[in-house]
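K.L.:
Residue numbers for the sequence shown follow UniProt numbering, beginning at 1 and rising by one.
Treat the hints as calculated values from the structure; they're not laboratory data. These numbers were taken from a predicted model, which means no experiment stands behind them. Glycine is no exception: its CB is placed at the ideal position from the N, C-alpha and C atoms. Errors might be hidden in some of the hints.
What the hints assert, rightly or not - Calculated cross-link-like contacts (lysine-lysine; reagent style DSSO-like; alpha-carbon spacing at most 30 Å):
1) 307 - 287
2) 366 - 383
3) 407 - 307
4) 240 - 43
5) 47 - 91
6) 525 - 543
7) 287 - 331
8) 610 - 554
9) 203 - 188
10) 610 - 355
11) 127 - 54
12) 610 - 383
13) 407 - 443
14) 289 - 313
15) 127 - 91
16) 399 - 331
17) 444 - 188
18) 203 - 162
19) 543 - 519
20) 610 - 307
21) 313 - 331
Stated by the list, open to error - Using C-beta positions, here's what the derived DEER-type ranges look like:
22) 119 - 64: 24 to 30 Å
23) 129 - 603: 27 to 33 Å
24) 555 - 73: 49 to 55 Å
25) 353 - 82: 40 to 46 Å
26) 247 - 207: 50 to 56 Å
27) 155 - 232: 27 to 33 Å
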Amino acid sequence: MNYSLDQIVRIVRICPLNPIFSFIFFLFLFAPLRGFNAEIDLKRLEKLDNKTRKDTADLAEMLTLTTHLAATDPDQALAYLDRIKTEAEEKHYYNGIIEYCTQFSDIYGAKGSYNETAFALQKLYDKHEQYLSADQQVAIKALKATALANASRFDESLAITKEILPLAENPLRRAQVYFQQASSNRGKGNHKEAIADFLAALKLYQTESDSANVASVLNGLGNSYADLNDQAQSIGYYKKALRYAEQMNDLTRMMTVYSNIGTVYRQVDSNDLALRYFDKGLQLAKKLKHTMLIAQNLMNIGNIQLKMNQADKALDSYQASIKLCYGADIKYGVMINYANIGELYHRQGNYMEAKRAYDSVMAYVKLLELPFEEAKIHEHYAKLYADMGQYQTALDHHKTFHELKEKIINEKNQETIAELQVAYQTELKDQEIALVNQKLQEKKIQNKALLALIALVLLATGFAMFFLVYRNRTLRELYDRSVELSATVDLATANADENYNETDSNLQLVFSHLLRLLKEEHIYKDPNLSIGKIAEQLKTNEKYVSAAIAAHAKMNYSNFINFYRINEAKRLIHELEHTTTLNEVMYACGFRSRTTFYDSFSKFVGMSPKQFKHMAKSAEARATASTTLS
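From just these sequences and the hints, can you work out the full model?
P.N.:
Next comes the structure, spelled out in structure tokens:
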């Protein structure tokens, strides 16, 4: 579980990276954060605010100071901005009104109030349209496009950018519109179009020697290639952006790129590097004293810690982030952190705490009116209750998930139909027969949609029932197959023999010795086993060991060792008394982490250790019954 150029610090939803929820990690765009001497600047702001007669220069200075203040106290900044707007309207200071729109969009956007931002911008535009210059009209519409994109209303956002792009005569404004259009296309998954728009913006900013926005666009290109899982291109663009930021000594941009590089390293499981870059971003965010950026980096660090099986540290990071989000009234951030905390507890098997966290997510989803997230949290509830063995409740949530999903799809279809109807009626407003036909068509579409929805619900219900009825049968077949494979297949040896050739004889020798240690000395049972220890025993270096495993087992080191541990676990579960606990099996095989044990078991066997043990017990009972009958 997705910002406008140099205007808004926002969460960008990266759906292609995580289809379950859009809050697992962030990719950032840029926002302006200049140095702010809180005490001096606040006194100056108060002094200007108390003046009985202010000119436009006073208002312009106040707007500069509120930009600073918003980084540390957004609510206080809003109070000043409302008073500035009133005076700017009285003085017909429209450049000031544009700056007001920019700043309140930043602040409300940071709170996740995207739809409210779009509505307020449209209201201001309607009020002042006749007095605004063409460039000022484009500026407000561009801000509205940004708000709509951040609300995932990408089609509406793109409609605006396509409308105003030909009207943006100023090169910098035109570049800004290209940038927003790129962001919306990226949100829709139109990666080719997004990259083309980013490159168009980049060319304009380079022509205007606007280094700050060149860095912003390079960062956006890095985000786009990250969406495409092209890590090399992504890191390349991020590092170019970082060079610009360092040349300008722009701490905000440096922080942003650090965070984005960390996100890419997280994608490729380079967790240590990811943690290092997120921590760099966190330190700069603290130096900037920007609450939201600190909270975002803390949450990203928590995600990495959870991935590294450091659940306690991850929980501390999430709780620190959620505390900051509460203090700054960043409701969307609170919701995301609760979702991650729920996922953490769910993994640990602490189902009650997971449910409490998911309940909090649901409360914020309702408050923020986020239908997509509401549907997805029902999906998480379904998985949680299924793991708790409450299959009827799980099925109810599964049905609700599909109903909400279909409702969202139908509403979007209805919006499209409504837009077509308006255009149709405008063109044929004098023809009554056209209106009648249109209503008939609309009724037909509604009936078809209703029938399709009913069919989908019935299909989903039938599928769920099928799953529940045949679940044990499938697990039994999987268990039998797993036992059969364990008895007949030695994956590592097979791969080693198959891949041997004269050119890698050194690696083959290392691998053969490694197999001997695994089969005869069972070194995988050592919970502290590391690639360094293995290299020491084989009298070689870590790179040779890693290369030998990759060449002959087609696995990385961790998966290779865990493969042997899981085979041992299967043997122990199958052969030992059923009074032996899974924790005892886990430690006997060399695992230290319950999460790693369960994840690895599911990966190699296709079911959890608990399910495998149950199947082993059932198989023994069947064998006993068969012997008795014979």
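K.L.:
It remains to establish, for every hint, whether it holds in the given structure.
P.N.:
Outcome of the hint check:
About 27 Å separates the Cα atoms of residue 307 and residue 287, which keeps this hinted pair within 30 Å; it holds. With a C-alpha separation of about 20 Å, the suggested pair residue 366 and residue 383 falls inside the 30 Å cut-off, and the hint holds. A distance of roughly 34 Å separates the Cα atoms of residue 407 and residue 307; the hinted pair therefore is violated under the 30 Å criterion. Distance restraint check for residue 240 and residue 43: the Cα-Cα separation of roughly 39 Å exceeds the 30 Å cut-off, and the hinted pair is therefore not satisfied.
Among the hinted pairs, residue 47 with residue 91 is consistent with the structure: their alpha-carbon atoms are about 20 Å apart, no more than 30 Å. Between residue 525 and residue 543, the direct Cα distance comes to roughly 22 Å. Compliance with the 30 Å bound is thereby established for this hinted pair. Between residue 287 and residue 331 the CA atoms are separated by roughly 24 Å; this keeps the pair inside 30 Å, and the hint holds. For the proposed pair residue 610 and residue 554, the alpha carbon gap of about 28 Å is at most 30 Å, so the pair holds.
Using a Cα cut-off of 30 Å, the hinted pair residue 203 and residue 188 holds, with the two alpha carbons roughly 23 Å apart. For a cut-off of 30 Å, the pair hint linking residue 610 to residue 355 stands: about 22 Å separates their Cα positions. Annotation: proposed proximity of residue 127 to residue 54 holds, straight-line Cα distance about 23 Å (limit 30 Å). Between residue 610 and residue 383, the direct Cα distance comes to roughly 17 Å. Compliance with the 30 Å bound is thereby established for this hinted pair.
Of the pairs offered as hints, the one joining residue 407 and residue 443 holds, with about 17 Å between alpha carbons and a cut-off of 30 Å not exceeded. Taken as a hint, the residue 289 and residue 313 pair is honoured in the structure, with Cα atoms around 23 Å apart against an allowance of 30 Å. Straight-line distance between C-alpha atoms of residue 127 and residue 91 comes to about 15 Å, which keeps the hinted pair within the 30 Å bound. Note on residue 399 and residue 331: the hinted pairing holds, with a Cα-Cα distance of about 27 Å set against a maximum of 30 Å.
A distance of roughly 29 Å separates the Cα atoms of residue 444 and residue 188; the hinted pair therefore holds under the 30 Å criterion. With a C-alpha separation of about 19 Å, the suggested pairing of residue 203 with residue 162 holds against the 30 Å cut-off. Restraint check: the Cα-Cα separation between residue 543 and residue 519 comes to about 22 Å, which is no more than 30 Å; the hinted pair holds. Restraint check for residue 610 and residue 307: satisfied, since their Cα atoms lie roughly 22 Å apart, inside the 30 Å limit.
Between residue 313 and residue 331 the alpha-carbon distance is near 23 Å, which keeps this suggested pair within the 30 Å criterion. A C-beta distance of roughly 27 Å is found between residue 119 and residue 64, which places it inside the suggested range of 24 to 30 Å. About 59 Å separates the C-beta atoms of residue 129 and residue 603, a value inconsistent with the hinted range of 27 to 33 Å. Against the hinted window of 49 to 55 Å, the Cβ-Cβ separation of residue 555 and residue 73 comes to about 52 Å, which satisfies the hint.
Judged by the Cβ atoms, the range 40 to 46 Å given for residue 353 and residue 82 holds: they are separated by roughly 41 Å. For the pair residue 247 and residue 207, the supplied restraint of 50 to 56 Å is violated, since their beta-carbon distance comes to about 18 Å. For the pair residue 155 and residue 232, the beta carbons lie near 32 Å from each other, so the given range of 27 to 33 Å is met.
When held up to the earlier numbered hints, the structure conflicts with 3, 4, 23 and 26 and fits the remainder.
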